[in-house]
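Q: Produce the entire structure from the sequences given, and follow the hints as far as they go.
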Amino acid sequence: MEEEKGELVRSLTDAVNQIAPIGDYRCAVKKEFCNLARRLKLLTPMFEEIRESKEQIPEETVKALVSLKEALVSAKELLRFGSEGSKIYLTYYCLLCFRRFFEVVKLRVNGGKRGEMERERSREVVLEAMILNWVVIVTVFALDFKLELYYNTVLERDQIMHKFHEVTARVEQALSGISYENLDISDEVKEQVELVLAQFRRAKGRVDVPDVELYEDLLSLYNKSNDAAADPDVLRRLAEKLQLVGIAELTQESLALHEMVSASCGDPGETFEKMSNLLKIIKDFVQTENPNLDASAREKNLPSSSGQATTDGNHKTPVIPDDFRCPISLELMKDPVIVSTGQTYERSCIEKWLEQGHGTCPKTQQTLSSPALTPNYVLRSLIAQWCEANGIEPPKRPGSSRPNKTTSACSPAERTKIEILLRKLASSSSEDQRMAAGEIRLLAKRNADNRVAIAEAGAIPLLVTLLSTPDSRTQEHAVTALLNLSICEENKGSIISFGAVPGIVQVLKKGSMEARENAAAALFSLSVVDENKVTIGASGAIPPLVTLLSEGTQRGKKDAATALFNLCIYQGNKGKAVRAGVVPTLMRLLREPGGGMVDEALAILAILSSHPEGKSAIGAAEAVPVLVDVIGNGSPRNRENAAAVLVHLCAGDQQHLAEAQELGVMGPLMDLAQNGTDRGKRKAAQLLERMSRFVEQQKLAQAQAEAQAQQSQSQSQSEIQQPHPPSVAYTVDR
1 MEEEKGELVR SLTDAVNQIA PIGDYRCAVK KEFCNLARRL KLLTPMFEEI
51 RESKEQIPEE TVKALVSLKE ALVSAKELLR FGSEGSKIYL TYYCLLCFRR
101 FFEVVKLRVN GGKRGEMERE RSREVVLEAM ILNWVVIVTV FALDFKLELY
151 YNTVLERDQI MHKFHEVTAR VEQALSGISY ENLDISDEVK EQVELVLAQF
201 RRAKGRVDVP DVELYEDLLS LYNKSNDAAA DPDVLRRLAE KLQLVGIAEL
251 TQESLALHEM VSASCGDPGE TFEKMSNLLK IIKDFVQTEN PNLDASAREK
301 NLPSSSGQAT TDGNHKTPVI PDDFRCPISL ELMKDPVIVS TGQTYERSCI
351 EKWLEQGHGT CPKTQQTLSS PALTPNYVLR SLIAQWCEAN GIEPPKRPGS
401 SRPNKTTSAC SPAERTKIEI LLRKLASSSS EDQRMAAGEI RLLAKRNADN
451 RVAIAEAGAI PLLVTLLSTP DSRTQEHAVT ALLNLSICEE NKGSIISFGA
501 VPGIVQVLKK GSMEARENAA AALFSLSVVD ENKVTIGASG AIPPLVTLLS
551 EGTQRGKKDA ATALFNLCIY QGNKGKAVRA GVVPTLMRLL REPGGGMVDE
601 ALAILAILSS HPEGKSAIGA AEAVPVLVDV IGNGSPRNRE NAAAVLVHLC
651 AGDQQHLAEA QELGVMGPLM DLAQNGTDRG KRKAAQLLER MSRFVEQQKL
701 AQAQAEAQAQ QSQSQSQSEI QQPHPPSVAY TVDR
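Read in order, the letters of the sequence shown are residues 1 to 734 in UniProt numbering.
If you're looking for bench data, these hints aren't it; they were derived computationally from the structure. Quantities reported herein were computed from a predicted structural model and do not represent experimental measurements. Note that CB positions come from ideal geometry on N, CA and C, so glycine has one too. No false leads were mixed into what you were given.
Ranges between beta-carbon positions, derived for each pair:
#	residue 1	residue 2	range
1	R693	R555	42 to 48 Å
2	L42	V245	28 to 34 Å
3	Q654	R473	55 to 61 Å
4	D14	S539	17 to 23 Å
5	L42	R693	23 to 29 Å
6	S712	S179	37 to 43 Å
7	G499	R579	24 to 30 Å
8	G499	V73	29 to 35 Å
A: See below:
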């Protein structure tokens, strides 16, 4: 049963983790999809606390969680479509639904013989209904890629909710079926889930009004021929609203358009041609309005559509002939290749298409008889001639020149120095290794350019190897160099991927005091990335961090505390920290006069108190007197954290409530509720409410006890005052 619970909670967590990185939703569904994703991500703390709990989950809650898992899978697919789908495709079918719906309305309204006022009123009613269900119609239709589905759903309102709205309803129903009172989760998490549930209930059936102007603009261009002039204002609005104003965005839209058209069940030929033509119109307009767009794209290593090198702001970019554009990216081809159907594409684009598992020609949708790609030398020559005639630098083939991947501004002399140091790092001489590690440590500390250059030169795996060296000084240099390199965000992933964490943990356990301090700081730096919190926690880093927090120098304690705080943000690490004995250490730091660790200790306790093991350990450490003192006399942030800890301790525990009341917490809490930080005010209000309920219960219990005592006393007095029956003399007749 425990294994089944673990697997269920793990699958729920995985589903939300897969939803979390999805974003950049298309404008037609942006608000609704963003709200859905945000609400689902707020469920993660509940899953983590259920996983950590030792108590059995009620059967009805298990069923609700299974339903929730199924709803999350549907939500993930829905959100992924809203993020990766073609902007033009999605918006166009919004328009198609809009037009078809209005035609149905017009036929129904005008077909009768009612008066003009009645017809107008009917139009308003139907339009209101259409607006209420608009985004749902679009999502259903675009997800299924079938015109038949649209014609069924547009006239049957009950079927419209089967994608977006149905997902919302299924999540809301599953959350409603969970018995939160019987779950071993903290009050804060319970309040958060209840808030999410309330938001889902309010969201049912509520959809924002669509951008009618956007759909009308798109329709005005959709059927326009290549020769017809388009209104610049319309093009400008479309490019801005569809967020197609840069080369990268236009290229991504082209790829997404091909992907969706390929997935269509119907014949994509005419649809693809019209949408592709629309995308070309928008792209030509964007390039004409921004003649330096391609030059700036090359500076950022983005694919250039024309290879134009001019920076003259008044120069108009020449329109690229359609035959010179790749049908996928719509950009000037650098390395044109022919596929088996005879169509020509840019090599990188068609290779990406084939790598995604497609076996058809993107333009014709014919099955490719072979994946072979044949260079189109004739077209490449024609493109070069056209570029020369128009004063444009011919596009260079990928791989014809070595791309400069380095983003560092180090001079050649500095790069040479780094390469020499790396050779010494790899040498067998311990002296050379110590000297080189120390030099790299200083170079990495100096500036960001050095950090990038050192990592690109290949120093990280060599430094990781030196973490296990028996030379303590070399070990210290190596771990500190990794700390300095980790300041660069791009280097964090490399340090983790080269397996540095176990070595850093070993230094944290066995190294010199300075090495241990810098190892703790390195773990803190790496744990800024959320997924690294899991890796570091699983590596056994938490117990030696607790040891350093207890016995280190002031700097070491600070480094250990910041690392522990960061790691314990992840729910799975909280239990590890408690079992490593962090709570007694934190309580000792709180009680140390002038110890300088009160801020850090309270911040960590506030995080741990939301965990069942943390709450129990803090309660056993007799923390209430210290917390009450901080609430009354601490800094604003410390008062806030102390109140947060006390909220968790007093949840369902009258002993701690009574102790806090006896220590006079009511006055400081009232002051915090009025003058504290926003979070401090909320925590104070929660505590005051619990205190009030506790006082009322005490008064009620005292009143009942007094009444019972008075009743018992009255009964006793009644028995004493009651007269005895008179004695009777019996005579015996002798």
